[in-house]
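If you read the protein sequences in the order shown, they are chains E and Z.
With the numbering used here applied, the first sequence corresponds to residues 1419 to 1763, in that order.
With the numbering used here applied, the second sequence corresponds to residues 378 to 837, in that order.
Derived by calculation from the structure, the hints in this document are not laboratory data.
Glycine included, each C-beta is placed from N, C-alpha and C at the ideal position.
Heads up, none of these hints are tricks.
Subject to a maximum C-alpha distance of 16 angstroms in a straight line, what follows is the list of computed EDC-like cross-link-like pairs (lysine to aspartate or glutamate):
| id | chain 1 | residue 1 | chain 2 | residue 2 |
| --- | --- | --- | --- | --- |
| 1 | E | K1595 | E | E1538 |
| 2 | E | K1646 | Z | D491 |
| 3 | E | K1505 | E | E1494 |
| 4 | E | K1623 | E | D1650 |
| 5 | Z | K778 | Z | E579 |
| 6 | E | K1595 | Z | E764 |
| 7 | Z | K483 | E | E1668 |
| 8 | E | K1583 | Z | E764 |
| 9 | Z | K452 | Z | D469 |
| 10 | Z | K555 | E | D1763 |
| 11 | Z | K483 | E | D1618 |
| 12 | Z | K513 | E | D1528 |
| 13 | Z | K606 | Z | D768 |
| 14 | E | K1658 | Z | D491 |
| 15 | E | K1595 | Z | E758 |
A few chain Z residues facing chain E, derived, Cβ under 8 angstroms:
| id | residue |
| --- | --- |
| 16 | L428 |
| 17 | M432 |
| 18 | A488 |
| 19 | L537 |
| 20 | L573 |
| 21 | E764 |
| 22 | N765 |
| 23 | P779 |
| 24 | A785 |
| 25 | E794 |
| 26 | N796 |
| 27 | K798 |
| 28 | A815 |
If you anchor each label on the Cβ, the simulated ranges turn out as follows:
| id | chain 1 | residue 1 | chain 2 | residue 2 | range |
| --- | --- | --- | --- | --- | --- |
| 29 | E | V1756 | Z | F444 | 28 to 34 angstroms |
| 30 | Z | T505 | E | E1538 | 41 to 47 angstroms |
| 31 | Z | W449 | E | S1515 | 33 to 39 angstroms |
| 32 | Z | F444 | E | P1632 | 35 to 41 angstroms |
| 33 | Z | W449 | E | K1757 | 30 to 36 angstroms |
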Amino acid sequence: MPPRIHTGCSPQLLSCLDAAPLPQRTATAAGRPSWPQQSCLLSPPSSSSAPFSTTAPRDMNRKQRDFHKWLNSVKEQLRNPPAEGNKPSYLGGVKSSSDSARMRPFPANDKFVSQPVLSEEAREKIWQSVMVTGLPLKAVSAQFGVDMRRVAAVIRLKAIENEWKASFKPMALPYAKAVMSMVPVADLRFSDKPFEPINDIHVHKFTQQQLFVPTSESRHFTRADAAKAFGDHILPPDEKMRIPELIQFERDVAEGVKPQEAQKKFIAAAAESEEELAEKEHLRVQREEARKLRIESGRFEFRFEKINVDSSGKDGKSRKGVGWRYGVPFNDRRRAVVKIPTKVD
Amino acid sequence: MKYRRILRYHGLRRPRLRASCLLYTVRCLPPSKLTSSPFQRVRQTWNKYNLYNLMSLKDPRNISRTFFQQKWTAKALTRGYHGEHIKERQWDRMFSRRLLSVVDMKPQYMATNDGSEQAAGRGSGLSTGQPKSVNKPTPYMQMTFAPMERRLDIAVFRALFASSARQARQMVVHGAVKVNGKKMVHPGYLLNPGDLFQVNPERVMTSTGKPRIRHEKTPYERKMRNLAKVEELIAEAKRRRELRQKELSEQTAGTRGKKQGGISEAALKAKNQRDLKALVLRAKAVVEAHHGKSKKKIVEVRALVRDIKDTISRAARRDSDVQQTGDAVHDLGVLVSKLELSKEDLTQKAVEDAEAARTGDRFVKPLLRLNEREREIVEKELQEEMENPLDYSKPYRTPWKPRPYMPAFAFIPRYLEVNQKICAAVYLRHPVARPGLAEVPTPFSETVNQLAFNWYLRRG
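All chains, full assembly: derive it from the sequences and hints.
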């Protein structure tokens, strides 16, 4: 910007003084129409502080200029999804060229990376092996290295998808395609690394303390003993694992059983445990149904449930108790009490 | 939001100075060259300004500041990102000092060891001479805002169904989100492991797609225009059908038994369907030829392709009439040839017409022009057109394209399993920390998160 002339009087007054000899301008260099200057008193207030300056004012501050400059420099990489194939690009890759930084969406946080998601083919594979081949969930989880909960979720979602397909409900196909091109994906091929750890165990708070347990030197102190030392209700990791059948499988393999045999045994054990679980659930539902009496009228179904009076505890204030009880607040319709449901069945 | 307000929201423009905030401004204004501006805030949005702020995000300089000041700044920074739309008191209630973590137990190790080997020797395991494998430390402090990720609105944002947490919240409030098949209107609903949430795909496409161009007509105007166009098309098709029927009746009166004698009705039907398919390919070739030409032309062609699809589905029905299908083929053929306006096409058409007049078959010959590769391209194009059509009735720009700068924000954390086609996701479990990784998507470093954690511990 060229230096401006500093005068004692205001620019408005200045423009008024030399208004008469100047020809009327229709537009300034900045492209804005200027007011015809006739009378100092009648002229509307000028928007610029220096109406005689022909330089266009900068309309951005430094920060905004920096921003635009930077944005133009990363446009190529970050603005649009890759034209073909799957090439995720994050801010971490812009800031540093190292391999570990490439998958970081937040450059300042090196403890968070964008991890792969299951591709369409991978989901199809999982669905096929559970619904068509009929393998137990645990076996599928172990086969693909995908968490059991995720396997179940994939099947639930796939069921909805198939339902939509059958009823010709419009799906968000271009959206799905775009997202799949932006995020890293895993195809679950045979040679790939396992997708995620499948035998995670939760770190119990009791096990986070340092503990000194005096024992004899000759004692064979195992994981089970350690669990017991931390607390009576603390389970050893062998029992906390999601697929404990895998331990037996590995043991068999180590003992020299043929891999095919060991696998067969593992699948059988997994199927059995699944059946057991299903049986347990079935019994629970039956037990609950037995407590209920359903009477169908034309319009409504009346359900009567047997209630135990003692469920409200010795002092009558237990949360398990049913109905209104003396001395127990009943906040169902109280103002300013959170009434958001805690679960949806 | 207006442009200035967006800039203010992201701290790229100074906040309006009020008497109360004047003091704060003066105290924080001279920022060191190393730190980002105290006003620059990282938010949960896919905004380009936010991208810039994420890039320039640095730890605040904590030298010669009291512990309280450090915690205060860290809290302000982190809360500007994690649930900025949630009241502080609400978050205070949600905060938990219990940070979840997991360790992976390898079955192979478990099978060969029972744990006693760790107590061997003098109590810390036998020395094997090899260096012990050291697990990376678990970044517990990055889990400070883990309870926030349980909220329904934030989970919707994390599943990439909304372009900001505030937008996700609005989706929930407006009833576009279902949890386990039931409408849930509380953005503060805390998801339980195994909960399945679904968002209306139209809403997802609107919020993650490019916005509609401003100068496009209003929905009502567009609807009326489309209606008028459809009526015009129908009228024209009807006129041509009548014309053809007249021709046909004259023909059959003259050459009955001679021409159609040898062909069965089923064969004729099959031929018609084959013609239709070939016609689609030809139409698509025309579409390709017209791509990059006038916009109006493309719109017309797309409308035509839609018509063709309708005709095919009608013709594919088992009980469809042979005569009807034949008419449809004829009508569409006329429409397609109308669109072939280039000089080359016209000359070729003239040749074909002459040939057709000679052989008496009008449609089979010219359709054989496409070779294998072209056919593949055309088929792909047609598939894309079917999946992602131009449609003015949509609230987003069609054909759908993702918002600018979406790739930079596109990641799906592991505690969610998302099916993008149906815009549904399952909240598998709570986010956890494991050696070297934390699953809470937070843009801040461990130092900042730790200071924020300490701030809330005081009250927790």
